[in-house]
Amino acid sequence: RYLATAHQDGTVRVGSAELRGHRAAVLCLAWAEGIEGSLLASGAADGQVILWNEVRSNEWRMIHQKFVPGSVTCLSFSSPEPYLMLGIGGGDELGVLTVLVELRRGSMTPDNWQVKSIPAHGGGISSLSWASASSPVVFATGPAVSRASSGSRWLGGARRLATSGADGQLVIWRVDAKTDSFLREHVVDGDQIAGDDVWCSVSWRPNVGLPGNCLAAVSKDGVVMILSQDADGVPFFLKQQ
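My numbering puts the last residue of the sequence shown at 253; the count rises by one with no breaks.
Watch out, some of these pointers could steer you wrong.
[To be verified] When the alpha-carbon atoms are kept at most 27 angstroms apart in a straight line, the in silico DSS-like pairs for lysine-lysine are as follows:
{"no.": "1", "residue 1": "78", "residue 2": "128"}
{"no.": "2", "residue 1": "232", "residue 2": "251"}
{"no.": "3", "residue 1": "190", "residue 2": "128"}
[To be verified] Distance windows between CB atoms, simulated:
{"no.": "4", "residue 1": "32", "residue 2": "223", "range": "27 to 33 angstroms"}
{"no.": "5", "residue 1": "233", "residue 2": "129", "range": "28 to 34 angstroms"}
{"no.": "6", "residue 1": "32", "residue 2": "222", "range": "42 to 48 angstroms"}
{"no.": "7", "residue 1": "245", "residue 2": "68", "range": "44 to 50 angstroms"}
If you are wondering where the hints come from, they were derived from the structure by calculation, not from laboratory data. This structure is a prediction, so every number in the text was calculated from the model and none was measured. Yeah, the Cβ is synthetic: ideal placement off N, Cα and C, and Gly gets one too.
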């Protein structure tokens, strides 16, 4: 088990190893789970994102880097099924959501990542979270799912990502496998809950063997919201606490 820490001097520390590659303060970190080996992402105030891979005990190498507009406000890896993706939240005025998509499973080479960029939240992205890969939506099977997935090798089947931003919106994005695009499936404005509020953090419920999806969000004013979906294809409905 490793604990990674980010530092103002641009370093990332993992155990006794010191990872150097950033020139600005490192603001956020994310580990990839469910893969062979260790993969760590770090994001800095100047928009630089670095992917690190452990080659042997306490020895890490930089395998990929990407610059996004503004500062990097948040990072999150999807599950590796069917392909690993890294969501990157930007702090620029357009609030660009950048997604790095793994092209070849398990390849730790610099050219193994495809980039998608989507203007998401005016004023910047505050938080993002991937839905669990063990969701029934991801593991759905049958001829219809196979046909939907066949048009897009790298995005595979249905995937979901939630983002929140300075514009006061919480957005649930659904990855469309046919068009290789991110579609806005559901949007919640802060003023729908507590008057001009801003969502500062979002998190999907881990899969616990139940059908449907569940997402929690918290606002700067301390409002906790629960969004639920009983089954794929039906609308999300709102619970408030």
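Cross-check of the supplied hints:
no. : hint                             : result
1   : 78 with 128                      : holds (12 angstroms)
2   : 232 with 251                     : holds (18 angstroms)
3   : 190 with 128                     : holds (15 angstroms)
4   : 32 with 223: 27 to 33 angstroms  : violated (46 angstroms)
5   : 233 with 129: 28 to 34 angstroms : holds (31 angstroms)
6   : 32 with 222: 42 to 48 angstroms  : holds (44 angstroms)
7   : 245 with 68: 44 to 50 angstroms  : holds (47 angstroms)
In this structure, only the earlier hint numbered 4 is contradicted, and the remaining ones agree with it.
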